[in-house]
Amino acid sequence: MKNIILATALAGLFSLLCTANQSSISAQSPQTTETQTTIIAVSQVGLGKIRPAISEQQVRRILGKPTSAKTEYSLGVGDNIRTFQYPNITLSLVPHLNKPKDFFVYEFFSRSEKFSTPTGIKVGDTESQVIKAYGKPYISKDGKITTLVYVVGSKDSAASFTFRIESGKVREIQYSEQLI
Numbered sequence: 165m166k167n168i169i170l171a172t173a174l175a176g177l178f179s180l181l182c183t184a185n186q187s188s189i190s191a192q193s194p195q196t197t198e199t200q201t202t203i204i205a206v207s208q209v210g211l212g213k214i215r216p217a218i219s220e221q222q223v224r225r226i227l228g229k230p231t232s233a234k235t236e237y238s239l240g241v242g243d244n245i246r247t248f249q250y251p252n253i254t255l256s257l258v259p260h261l262n263k264p265k266d267f268f269v270y271e272f273f274s275r276s277e278k279f280s281t282p283t284g285i286k287v288g289d290t291e292s293q294v295i296k297a298y299g300k301p302y303i304s305k306d307g308k309i310t311t312l313v314y315v316v317g318s319k320d321s322a323a324s325f326t327f328r329i330e331s332g333k334v335r336e337i338q339y340s341e342q343l344i
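Under our numbering, residue 344 is the last one in the sequence shown; the count climbs by one each step, no gaps.
Hints listed in this document are in silico derivations from the structure and should not be mistaken for laboratory results. Owing to the predicted nature of the structure, the values given are computational and were not obtained by experimental measurement. C-beta: ideal position from N, C-alpha, C; glycine also. Treat the hints loosely; a few may be bogus.
What the hints assert, rightly or not - Derived SDA-like pairs: lysine to any residue, alpha-carbon spacing no greater than 25 Å straight-line:
| no. | residue 1 | residue 2 |
| --- | --- | --- |
| 1 | Lys-286 | Thr-235 |
| 2 | Lys-296 | Asp-306 |
| 3 | Lys-300 | Arg-275 |
| 4 | Lys-265 | Lys-296 |
What the hints assert, rightly or not - Computed spacing ranges between beta-carbons, pair by pair:
| no. | residue 1 | residue 2 | range |
| --- | --- | --- | --- |
| 5 | Ile-226 | Ser-318 | 19 to 29 Å |
| 6 | Asp-243 | Lys-296 | 37 to 47 Å |
| 7 | Ile-309 | Asn-262 | 13 to 23 Å |
| 8 | Tyr-237 | Gly-332 | 18 to 28 Å |
| 9 | Asn-262 | Ser-238 | 17 to 27 Å |
| 10 | Leu-239 | His-260 | 14 to 24 Å |
| 11 | Thr-202 | Ser-238 | 23 to 33 Å |
| 12 | Pro-264 | Thr-202 | 29 to 39 Å |
| 13 | Ser-318 | Asn-252 | 25 to 35 Å |
| 14 | Gly-299 | Lys-234 | 29 to 39 Å |
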């Protein structure tokens, strides 16, 4: 859940920074630096066959029965959030606005080398491989951890695709949409 909050906060921060057209920001901790960021298409986002906005039924067809599943009401979202844990990936789903019983993926993350993105990036790849595949990211540094953040869809989007880098290697891949 901490990772979900961090990614949502980063996506919100990034949207705010893009809107303000600031060229550089430095903070004491964590250090953040904005570069000319590449906006990536939704088609470039995913882990294995998991993609943003796929249905709960599609998730179950692809991954099978989750090792754990829970549905909890979120005050911040104002609706239920369903979380599925699998051995190699965690997914969060929310109900469609007009179909409250139909849930869809709005967030996922993995620390497993089992899944690759549509561009072929997976956990264990280098930071330079990510940048070569996706372009210039928004970069956040906190100690030895670097987070590469890409806006998904358009500059006004509240969705992000992030790569957590430690010792020059991808350690976690995450997609998150800010829910309004």
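We went through each hint and held it up to the structure:
no.: 1; hint: Lys-286 to Thr-235; result: violated (29 Å)
no.: 2; hint: Lys-296 to Asp-306; result: holds (23 Å)
no.: 3; hint: Lys-300 to Arg-275; result: holds (22 Å)
no.: 4; hint: Lys-265 to Lys-296; result: violated (40 Å)
no.: 5; hint: Ile-226 to Ser-318: 19 to 29 Å; result: holds (27 Å)
no.: 6; hint: Asp-243 to Lys-296: 37 to 47 Å; result: holds (38 Å)
no.: 7; hint: Ile-309 to Asn-262: 13 to 23 Å; result: violated (40 Å)
no.: 8; hint: Tyr-237 to Gly-332: 18 to 28 Å; result: violated (40 Å)
no.: 9; hint: Asn-262 to Ser-238: 17 to 27 Å; result: holds (19 Å)
no.: 10; hint: Leu-239 to His-260: 14 to 24 Å; result: holds (20 Å)
no.: 11; hint: Thr-202 to Ser-238: 23 to 33 Å; result: holds (31 Å)
no.: 12; hint: Pro-264 to Thr-202: 29 to 39 Å; result: holds (36 Å)
no.: 13; hint: Ser-318 to Asn-252: 25 to 35 Å; result: holds (30 Å)
no.: 14; hint: Gly-299 to Lys-234: 29 to 39 Å; result: holds (36 Å)
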